Amino acid sequence: MTAAPVISARGLDLTFETNDGPVHALKDINLDIERGEFVSFIGPSGCGKTTFLRCIAALETPTGGTLRVNGMSAEDARKERSYGYVFQAAGLYPWRTIAGNVKLPLEIMGYPKADQAKRVEKVLSLVDLEGFGKKFPWQLSGGMQQRASIARALAFDADILLMDEPFGALDEIVRDKLNEELLKLWERTQKTIGFVTHSIPEAVYLSTKIVVMSPRPGQIYEVIDSPLPRSARPLDIRDSEEFLQVAHRVREGLRAGHAYDE
Amino acid sequence: MTAAPVISARGLDLTFETNDGPVHALKDINLDIERGEFVSFIGPSGCGKTTFLRCIAALETPTGGTLRVNGMSAEDARKERSYGYVFQAAGLYPWRTIAGNVKLPLEIMGYPKADQAKRVEKVLSLVDLEGFGKKFPWQLSGGMQQRASIARALAFDADILLMDEPFGALDEIVRDKLNEELLKLWERTQKTIGFVTHSIPEAVYLSTKIVVMSPRPGQIYEVIDSPLPRSARPLDIRDSEEFLQVAHRVREGLRAGHAYDE
Amino acid sequence: NEDVTLQLKWVTQAQFAGYYVAQDKGFYKDAGLDVTIKAGGPDIGPEQVIAGGGADVIVDWMPAALAAREKGLPLVNIAQPYKKSGMMLTCLKESGIKTPADFPGHTLGVWFFGNEYPFLSWMSHLGIPTDGGDKGVTVLKQGFNVDPLLQKQAACISTMTYNEYLQVLDAGIAPDQLVTFKYEDEGVATLEDGLYVMEDSLKDPAFVERMAKFVKASMEGWKYAEEHPDEAAQIVLDNDETGAQTLHHQEGMMKEVAKLTEGTDGMLDPADYERTVKVLLEGGSDPVITKQPEGAWTHAVTDAAGLK
Amino acid sequence: MKMIAPILTVLAAIVLLWYAGSVALNAKWTYDQAARAGEDVTISQLLSDTMSQKRPVLPAPHQVAQGLWQGLAGQAITSKRSLVYHGWITLSATLLGFALGTGLGIVLAVGITHSRAMDLSVMPWAIASQTVPILAIAPMVIVVLASLGVTGLLPKALIAAYLSFFPVLVGMVKGLRAPDSMQLDLLKTYNASQGETLAKLRMPSSMPYLFASLKVGVAASLVGTIVAELPAGATRGLGARLLSGSYYGQTVQIWSALFTAAALAAILVGIVGVIERITLKRMGMA
Amino acid sequence: MGWAIFAIVFWLCAWGANAWMARRYGHQRWAQFAIPALFGITVLLLWEGLVLGFGISPVILPAPSQIAQTFAQSGPILREDFVQTILKGALSGYVIGCGAAIVVAVLIDRSPFLQRGLLPIGNFVAALPIVGVAPILVMWFGFDWQSKAAVVVVMVFFPVLVNMVAGLAATDHLQRDLMATYSASYWQGLIKLRLPAAMPFLFNGLKIATTLALIGAIVAEFFGSPTRGMGFRISTAVGQLDLPLVWSEITVAALAGSGFYGAVALLEKLVTFWHPSQRARA
Ligand SMILES: Nc1ncnc2c1ncn2[C@@H]1O[C@H](COP(=O)(O)OP(=O)(O)OP(=O)(O)O)[C@@H](O)[C@H]1O
Ligand SMILES: Nc1ncnc2c1ncn2[C@@H]1O[C@H](COP(=O)(O)OP(=O)(O)OP(=O)(O)O)[C@@H](O)[C@H]1O
Ligand SMILES: Cc1ncc(C[n+]2csc(CCO)c2C)c(N)n1
Ligand SMILES: [Mg+2]
Ligand SMILES: [Mg+2]
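For the protein sequence lines, the chains are A, B, C, D and E, in the order given. Residues in the first sequence are numbered from 1 upward in steps of one, following my numbering. Residues in the second sequence are numbered from 263 upward in steps of one, following my numbering. Residues in the third sequence are numbered from 525 upward in steps of one, following my numbering. Residues in the fourth sequence are numbered from 833 upward in steps of one, following my numbering. Residues in the fifth sequence are numbered from 1119 upward in steps of one, following my numbering.
Think of the hints as simulated: they come from the structure by calculation, not from any bench. None of the values given here were measured: they were computed from a predicted structure. Quick reminder that beta carbons are idealized off the backbone N, C-alpha and C, glycines included. Among the clues, some could well be false.
[Said to hold, decoys possible] Label pairs and their computed distance ranges (CB to CB):
#1 B:A518 - A:E34: 36 to 46 Å
#2 E:F1172 - D:Q902: 48 to 58 Å
#3 D:S876 - C:K659: 39 to 49 Å
#4 D:M1014 - A:R35: 37 to 47 Å
#5 A:R35 - B:R297: 50 to 60 Å
#6 C:K783 - E:L1373: 16 to 26 Å
#7 E:L1385 - C:D658: 39 to 49 Å
#8 D:L986 - E:L1373: 26 to 36 Å
#9 D:Q902 - C:G550: 31 to 41 Å
[Unchecked claim] Restricting the straight-line Cα-Cα distance to at most 25 Å, the calculated cross-link-like pairs of lysine to aspartate or glutamate (DMTMM-like) are:
#10 B:K471 - B:E484
#11 D:K1113 - E:D1227
#12 A:K209 - A:D176
#13 D:K1020 - B:D377
#14 D:K860 - C:E618
#15 D:K860 - D:E871
#16 B:K380 - A:D20
Using the sequences plus the hints, can you model the full thing?
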């Protein structure tokens, strides 16, 4: 490809200093993500998926290597409001209603008032939370809170969508539905998506590229390019031969990552 | 069966009052759970799984119906320390280290000091967190926090184990491992286990009984008794015909529950 | 030795030199007494202290003592070391005030906390309202010091000849820049700094005897202080626990105080008492006391002390 | 070093403003005096005079510094003119009062969070108690206590405690109620007793509130002691120094005592802050 | 003696009744008034009983009945003083002082430089004892209510500052990270996140400040005032041994203070309804 990658990491390193000695969370990460790609991260718990996503969003400062986003530093990209981020925990503000929480980024980014209400309504219905706009976060179930936080990240038009296990607390049916919706959104908007998941089928179903990571120190074990067609992925593609092959490769990689562990 | 059920709900009802009108979270729940059963709850997000588990643990007071645990009220059972509870969110105390969090119930229940340290070590290694005892919760990844909270509930010997999506944030490999460990523990200790999950295979693999719930108002759609053997369930049982049949039934139930929704 | 606790009306200063001298020179000890002198302050009502049993005898001004008596606290004057009143109103000449007739329209600083009675009597004598109207004066509750005058927040302030007036001079304002009105000269003087005890306690002859010794020794102290003002000032200074006083100021104060205590042996002159009562009763619409007090003084103690 | 530069900068700014204030506020007296003497004032005369008045409205910084130096270092520390001597007297009562007040505040807060009867009946009266102007009843308290034979440090400490218990009470009630329902539910499943819930959950999570309250409380305690020193005979302690300075218009003495008191408060607050940082750090919260 | 015994017995009974009421009806509205009221009546009765029973002199401590009488007779005086001290002195000082503290807390929070430089010095200045400050402020701002308001400003500043600074720091990592991903400006982060999160702390400070404002305004009048105001009246009445009037003024102060505190607490309930400490009792 000729266009410069949207996200490009070279020799990225990150070590946390803790009371208990340093933790080497990321080691020598090299990765390019092109515009419009859908990249999934998968790997054992604690292998640095969240940390890497946070580096991309400039929430964490790498202790080594370089990271360019949209041709600038991650920090500058953040200032340009290039990211929509779905955190691993919902992190809703308790003093705002669900609708208020979803509206928050719109207020901050200065969307017109009328547009705000429309968008809130749209994304809330996208995640099946119509009618819950006026409730407060603590009045919602865990899965509903997670969906609200997804709605919050989808409410505005960010170039790059970073999602940290967004569907972890959802049942298969909703998950399938949201997977489809996400794919539609992605096709429609040509966003670049970074997606952390623990579900191998989910990763394979959604991604154009799957990054398998291994822990201690967190590093990239393997990058698998999906041979599945880029657009038009019906849910039953998951029974196809190709799909199962990729899934198998991912599972092997994951297992190997765990083996590292021992 | 002749023995009285450990948990017995009759016509259980629960309505939350909110700023925005009442929410009917549980409606006419009837369910018996025998000693030593492993019961999974599955259902769309917001259907009342957490609420029902909380009722059993006497953390929520039903607004109607009766609920008996071990032949007494849920409240009395709680006072007898019959429950180990894994919450949907990890809920670790931020001012305690991981080991300190796991030790908390042991301190409260007055386990001898020497025993405490041994148990903490044992359960931390059970959930693969050896060496993280001295870290604080915010220094751990999401999945590690969840595992710590599982360790906390397993550290002491409760009769009844209530687990609210304990493995939601874990990858397949760890999940499989912990599933096996949990089954072993269950067989060894003959605990009664209530288990909320969104994963159909997980529910089928683990349970003797699967409760499928549907939302608005939350109610039991179907109770499926597993035909799988009670003990000795190797992981590959998941490829067996019987397994797939049960899984299919559960999926149908779940789908029907969602249909309710529309 | 017998114990006596004396509660002063104000902080340790030469105003109470006699008692400190008597203590320091051993006059009390010689009389067989162990005297504890408790300093006062702006928030200490000696009347309250004696009512609460915190003192045997107090130094008080007669207007306050008589007012307390009417309120149901039977205080009795047993001796009167101060013959004359040291109170006055000090005005800046530049305010244009020359006589009391010029007061209306001006702001006057007054001490409250039981010290406002003489002022209020005087104003009602003059027929000047104190409500701040055009024809009357605006009254300020003056704090502890002379700043309101220096800052020109008030045209006149209350001063004692022996203390605040000296401070005004000390601050750098010459006497010829000031106009003063002594209560003594305006015919509204009331008795200050007398010794008072609870009426009940006088029923006990032993107590009268003890007070007699106390008054006698105190008067010896006063006489000594009048004769040795500089030494007395030093003694006062030594007794000041705050360490705030200066010798210069205490010496000045002692000299002025001596002018007020001279010419008395400590026995209350009934004529002075009558004059004080008259001034207080004539307080206009809001007199300090409403009826002639009964039994508010006694010579029993001074007689027993042999002061003549 | 990171601390010093900003403090010095702010300090320098304050001193400058202060000098300007001295000149502005003291000018009136200079002009008045000149008018009385029939003289004119030049700018340089104005500057030098306003910064060296005996009874300034606002003493110049160097005058206060001189007074402080005199009071702190210019005397034997046992001398009645030593600010160290008076400061110690105030400090000892402050600490005793602070300990009593903090203890009372915490005990009441614990009671209030555990007993609805106490919540409903004590809180309104604790509030009412604070609206009683302490300076008004302090003399009576001192008189009553003295007649009961309680004298010396204790009456002052009691008044200091009276002022400092309230901030601690308010903060701790809030702090003890800060744990969210999941944290409480966890302990419920263990059937933890109220005492255990207090020790293992409520206390730790109230720490940020507690320390904010302690800082206010220790300052309040100092104020209480100083207030109590007035009617206690106004003989010893910084309160007495303040007051007696004020009788004799010794502005510099007032300001020196004031600064000593404020420095004491700042040090006490600073100590609480250090303890806070250490505690929170050990709790992994800072 | 009989009086005293009766009072103590009544006290014990009322305590029992209150505990019972709180347990049974603690969540009902009437009980939330009845319980503190009964408690208050008990205190007053105990007081009356002890004063009568032990024959305590009214110049030391007057009986509540006597105070009530004076209170009823002194309406105009009490009202005049209330307006002077509370409405003019305390309230204006409270608003200015709390406002200033909030602004300074935000400034401090904004700039690490100021935080390191201003906070220690802020601690210092704001911890100046009222009795030392009051005479100086009277000298600067005159005898009327302005100087009282200035004293109140100095008094309330510190508690509000400390709490507000603590409150502005009371957000968790996740909440702040969210703002960072939106690249929210400083002010947006402040308004949308840190101010709401600081509210539970701020209200702590504001509540403490209500009572401090009253104390400040009243005590400042001890150091010079016009011939009205609660502090003036109290110190004058103490000098005149008119203790029932003193306690009447104190009653006014207590009522006003409780009302003031109650109003702020109500506002707190409305603003921080989402905080666990408020939700738990809802
Ligand atoms: N404290 C509360 N106040 C008001 N409504 C509540 C409260 N807790 C739960 N609910 C409502 O009760 C319903 C059931 O919630 P519950 O948490 O039991 O769902 P759940 O089945 O556990 O869902 P999930 O899988 O998403 O965790 C939801 O509609 C939720 O909004
Ligand atoms: N703030 C921190 N301080 C210290 N160590 C940290 C911190 N955040 C993460 N770590 C450590 O970094 C490693 C990687 O954490 P990270 O959260 O990236 O894992 P993850 O891949 O997202 O795991 P999971 O799937 O469980 O969420 C872990 O070992 C964790 O303990
Ligand atoms: C609040 C206050 N009340 C009264 C006085 C007056 N006073 C009582 S005794 C005495 C003699 C010594 O100067 C004086 C002046 C004051 N100054 N301040
Ligand atoms: Mg993670
Ligand atoms: Mg749930």
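How the hints compare with the structure:
no., hint, result
1, B:A518 - A:E34: 36 to 46 Å, "holds (42 Å)"
2, E:F1172 - D:Q902: 48 to 58 Å, "holds (50 Å)"
3, D:S876 - C:K659: 39 to 49 Å, "holds (47 Å)"
4, D:M1014 - A:R35: 37 to 47 Å, "holds (41 Å)"
5, A:R35 - B:R297: 50 to 60 Å, "holds (59 Å)"
6, C:K783 - E:L1373: 16 to 26 Å, "violated (50 Å)"
7, E:L1385 - C:D658: 39 to 49 Å, "holds (44 Å)"
8, D:L986 - E:L1373: 26 to 36 Å, "holds (31 Å)"
9, D:Q902 - C:G550: 31 to 41 Å, "holds (34 Å)"
10, B:K471 - B:E484, "holds (10 Å)"
11, D:K1113 - E:D1227, "holds (20 Å)"
12, A:K209 - A:D176, "holds (19 Å)"
13, D:K1020 - B:D377, "holds (23 Å)"
14, D:K860 - C:E618, "holds (15 Å)"
15, D:K860 - D:E871, "holds (14 Å)"
16, B:K380 - A:D20, "holds (21 Å)"
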